[in-house]
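Asks: Chains as they are written, first to last, in numbering that gives the first Met the number 0: chain A, 0 to 138; chain B, 0 to 138; chain C, 0 to 138; chain D, 0 to 138; chain E, 0 to 138; chain F, 0 to 138.
Don't read these hints as lab results, they were simulated from the structure. The structure presented is a predicted model; accordingly, all values stated were derived computationally and were not measured. Heads up, the beta-carbon is just placed ideally off N, CA and C, and yes, glycines get one too. Among these hints, one or two may not hold up.
A few chain C residues facing chain E, derived, Cβ under 8 Å [to be verified]:
no., residue
1, N19
2, V30
3, N95
4, T97
5, E99
6, V103
7, F130
8, F133
9, E136
10, G137
11, V138
Number of protein chains: 6
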Amino acid sequence: MMKVTVSRKAQFNAAHRLYNSAWSDERNDEVFGKCNNPNFHGHNYTLTVSVKGTIDPETGYVMDMKVLKELIHEHVEKPFDHRNLNLDTEEFKTLNPTAENIVVVIWKRLRPNINPELELKVLLHETERNFVEFDGEGV
Amino acid sequence: MMKVTVSRKAQFNAAHRLYNSAWSDERNDEVFGKCNNPNFHGHNYTLTVSVKGTIDPETGYVMDMKVLKELIHEHVEKPFDHRNLNLDTEEFKTLNPTAENIVVVIWKRLRPNINPELELKVLLHETERNFVEFDGEGV
Amino acid sequence: MMKVTVSRKAQFNAAHRLYNSAWSDERNDEVFGKCNNPNFHGHNYTLTVSVKGTIDPETGYVMDMKVLKELIHEHVEKPFDHRNLNLDTEEFKTLNPTAENIVVVIWKRLRPNINPELELKVLLHETERNFVEFDGEGV
Amino acid sequence: MMKVTVSRKAQFNAAHRLYNSAWSDERNDEVFGKCNNPNFHGHNYTLTVSVKGTIDPETGYVMDMKVLKELIHEHVEKPFDHRNLNLDTEEFKTLNPTAENIVVVIWKRLRPNINPELELKVLLHETERNFVEFDGEGV
Amino acid sequence: MMKVTVSRKAQFNAAHRLYNSAWSDERNDEVFGKCNNPNFHGHNYTLTVSVKGTIDPETGYVMDMKVLKELIHEHVEKPFDHRNLNLDTEEFKTLNPTAENIVVVIWKRLRPNINPELELKVLLHETERNFVEFDGEGV
Amino acid sequence: MMKVTVSRKAQFNAAHRLYNSAWSDERNDEVFGKCNNPNFHGHNYTLTVSVKGTIDPETGYVMDMKVLKELIHEHVEKPFDHRNLNLDTEEFKTLNPTAENIVVVIWKRLRPNINPELELKVLLHETERNFVEFDGEGV
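If we strip away everything but chain A, and leave its shape as in the complex, we get (with noise of 0.2 Å):
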């Protein structure tokens, strides 16, 4: 059984800021710097969601790009993007917004709502510079 890989690109802007509450403000300052703006501020979040499948003979798809466009559109989008992460969020108000923290969510909010027999991964670019994935290892 042949497996293909199909990827799909999104993309969402929204201000977050890097705070551990159990710390001090001197501590937080210490770790995350200017990331700690206690005013937040923001970037424009670059998705790349990935699912591995076979191909299905009658369509020739491992997945309509449409409904992963779709899917990825209600699940990460609609609760993301123009928002404050730490405020508008019900899983980063207790959990840190790191790159990392935030396409760990995103994994987790997608997987539910894919094929199981689809291998998922996720990228996440903070910046063209900074970036993160996750595939579910350790899961």
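On the provided structure of chain A, position chains B, C, D, E and F as indicated by the hints.
Replies: Quick look at chains B, C, D, E and F alone, frame taken from chain A:
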């Protein structure tokens, strides 16, 4: 034996139409939407071919990129560039030219022309936001 | 009155063929080469529409980019995306769809729909390496 | 006297909110939509600063790009990067931080620090698809 | 007479060193810093050549991009690609190969080979963040 | 234990020449072509360093990207940027500076400076179309 991956990008501009001849027109429209336009549409396909193997100690090359460039030209660009995939290529007279099927066809065209000791992976961008990858898994 | 330029990018994927019906096949092949394939080829056309004008002091906008995005969708993407330019659009039934002619046609489609106090410029990429620009000079 | 344009790119990551304090909340929502989220959202702003002038025959420079890079760092990146434009910068406490207003503010911050014989133009990308440009016309 | 601008991108990879032979080593180091390394360093120079003129009604072209591509190959890529600008090219044996001087030299090499009715502009990227442009102003 | 990959991009501009001192000039020309120019040529090398490991629950980081950025600066940019690889670096006095050999050398320079619990992968673009990758396989 250290293994390094060497990649080369190329591009071809082609027309295509997504269509399953075993289906009714209604079913084709329902599944493939505007991609089923009988007059065709087209793309700038961007291709990245990657080979993985050991470095030749004399040349410092895994594979001469000039040779890889020529192979891509001969086996992909010449038959596909400025063509109608459905009408002008053998494989897609009967096979639906989805990105998934195109990347598998390209992999199969290149594989016999590359040293069998080298692993081969092909990445194909249909648009900046949609792309597929195949490394021969399951062949 | 300070003048600022506001730009919005979009994309459409189309098939086309370069061809002059007044010429012999030999002359067409000689001038247009592989671009003259009677079965068509295609491109991901990238469009950048720029409008220049004064900033509205109440909104801070020269022109609402959401409105500009909608105009591009209505007047360019809807008629051109996933189409065959030669067969599916009025203008190119008689006009050769070179990048130069396409950019002029797009400019003429957009101009009546944009406030006449705003200057309009259109940039069209046919490939990453070939592109054209028109700002209405000489119309 | 031959004139050459020299450009330098930079980036800053900031939070902002589009909002007109003279308007009702309903009017703000109607005009600015999701950009009016009171908890802010954010962007990776990409900045291209261009100066045009004659080439110094001794150095071969119009302006030393290292100096231009430092000016951008001092007058744009330091005050704007990892900031909330509405809360952390003087200009946008009263001015709506649309892309248009930001590009004019940046131009005005840079102009006094650059040789008056050099023309100055600033290009600001808010996202990959939305950008604005100002060259001082009408100031 | 409508005027359209047509552009073509190309690339050449070259070594160079910034250096003024009329200066002391100390002065060269002070002004050019690490760019003055006597053993040279190098760049992937990206070149965009733009010509502006009227559309030929028979071909739909301002200028055949295949011809423009060939001219760039003949007059820029052949003499500059995989060369040391200081040692291997006539102009830079005496002229400091700054981006500004290179873009003027390229413009002067191309100008006599392009129809005088067409305006010519050259854009040269030395890195993704540093670039220069020349349109013949002041020649 | 969930594992996330964190990546950071950097760039260095260097001159080099491909050459095997054990071969005749003819053999060098035959194999390396224009890359064998004795006066050198050069590139903007783009480097992407990826580390994979578990997320620290206190910081939300796999590895602080500021630290990764500093390591790349210290161990790659400082010795390689604005240098002649063949003449100015220890490794390439005897080793041919092909992209393959450069990526292995960079991996070996970084490996001792990164927590051994983190996996390390290095991607090196010599041009936009040619690139290589090494993850330590076979060391």
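Asks: The structure should be examined with respect to each hint, and the outcome stated for every one.
Replies: Hint check:
For N19(C), the interface hint holds, since its Cβ comes within 8 Å of a Cβ in chain E; the closest pair sits about 6 Å apart. Nearest Cβ of chain E to the Cβ of V30(C): about 6 Å, under the 8 Å cut. The hint holds. Of the supplied interface hints, the one on N95(C) holds, with its beta-carbon coming within about 4 Å of a beta-carbon of chain E, less than 8 Å. A cut of 8 Å between beta carbons decides the hint on T97(C): the least distance to chain E is about 4 Å, and the hint holds.
Given hint, E99(C) at the interface with chain E, holds; its Cβ is 5 Å from that chain's nearest Cβ, closer than 8 Å. Interface restraint check for V103(C): the shortest CB-CB distance to chain E comes to about 6 Å, inside 8 Å, so the restraint holds. About 5 Å separates the beta-carbon of F130(C) from the nearest beta-carbon of chain E, less than 8 Å, and the hint is met. A cut of 8 Å between beta carbons decides the hint on F133(C): the least distance to chain E is about 5 Å, and the hint holds.
Checking E136(C) against chain E by beta carbon gives a least distance of about 4 Å; that is within 8 Å, so the hint holds. Satisfaction of the interface hint for G137(C) is found here, the shortest Cβ-Cβ separation to chain E being roughly 4 Å, below the 8 Å cut-off. For V138(C), the suggested interface contact is upheld, since its CB lies about 6 Å from the closest CB of chain E, less than 8 Å.
Checked against the numbered hints above, the structure breaks none of them.
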